[in-house]
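> Here is what each chain is made of, one letter per residue.
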Amino acid sequence: GNSVTQMEGPVTLSEEAFLTINCTYTATGYPSLFWYVQYPGEGLQLLLKATKADDKGSNKGFEATYRKETTSFHLEKGSVQVSDSAVYFCALRGNRDDKIIFGKGTRLHILP
Amino acid sequence: EAGVTQSPTHLIKTRGQQATLRCSPISGHTSVYWYQQALGLGLQFLLWYDEGEERNRGNFPPRFSGRQFPNYSSELNVNALELEDSALYLCASSLEGLAGRSSYNEQFFGPGTRLTVL
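If you read the protein sequences in the order shown, they are chains A and B.
First residue of the first sequence? That's 8 in my numbering, and the numbers climb one at a time after it.
First residue of the second sequence? That's 17 in my numbering, and the numbers climb one at a time after it.
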């Protein structure tokens, strides 16, 4: 079945550091890929998405590129801020599916 | 426009009791999804309702059930509560329907109900 694997956390970085959170997936066909963010005490928010190979999703300085050859969708940001501290979930949705399959989440701490 | 709302915010029950969680989707959305976020297990899909019908369910026992009302709001019921049912339960809604399966409809999440089973 479909699955998502993302790097274990927590990840602790200093402000303005470069961020990469790795995500790989297993799926048949051509799934849509997502990154969701959960800020402390809040629900999930869609951060960015990509629906086909080589698409780049971007939002709030975060980027991720749909790499079918490596089945990856790594999240990157060039310069993180304290306000980026949150839990980040990589996720996929099969093209014949309705539910979203989530990774286990990566907690990110940004130190001032 | 109001987002997805869930009630209650927190719910404390004892083992063996029943819990009822409620979700109101964004106006105009016909699909409601339920997810469980248990500590250490990440987010897992529970149930999907569309147009009043259960369309899909995840790998959860039958004591997890629910329904969708004519106004598209939804209830999640958990019977015979066990300690491991303690989790954050998230509801999401989307513009979805069987006719819309060819294109992606974003799921918008509510703030969740935190269920604690003692």
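To be clear, the hints were calculated from the coordinates, so they are not data collected in a lab.
None of these values were measured; they are calculated from a predicted model.
By construction, the Cβ of each residue, glycine as well, lies at the ideal position given by its N, Cα and C atoms.
Check each hint, because a few of them may be wrong.
To give an idea of the interface, some chain B residues facing chain A are shown, with a C-beta separation under 8 Å as derived from the structure [what the hints assert, rightly or not]:
id, residue
1, Trp64
2, Asn72
3, Phe76
> The structure should be examined with respect to each hint, and the outcome stated for every one.
A quick look at each hint next to the structure:
{"no.": "1", "hint": "Trp64", "in the structure": "5 Å, holds"}
{"no.": "2", "hint": "Asn72", "in the structure": "6 Å, holds"}
{"no.": "3", "hint": "Phe76", "in the structure": "12 Å, violated"}
This entry does not satisfy hint 3, going by the numbered hints stated previously; all others are met.
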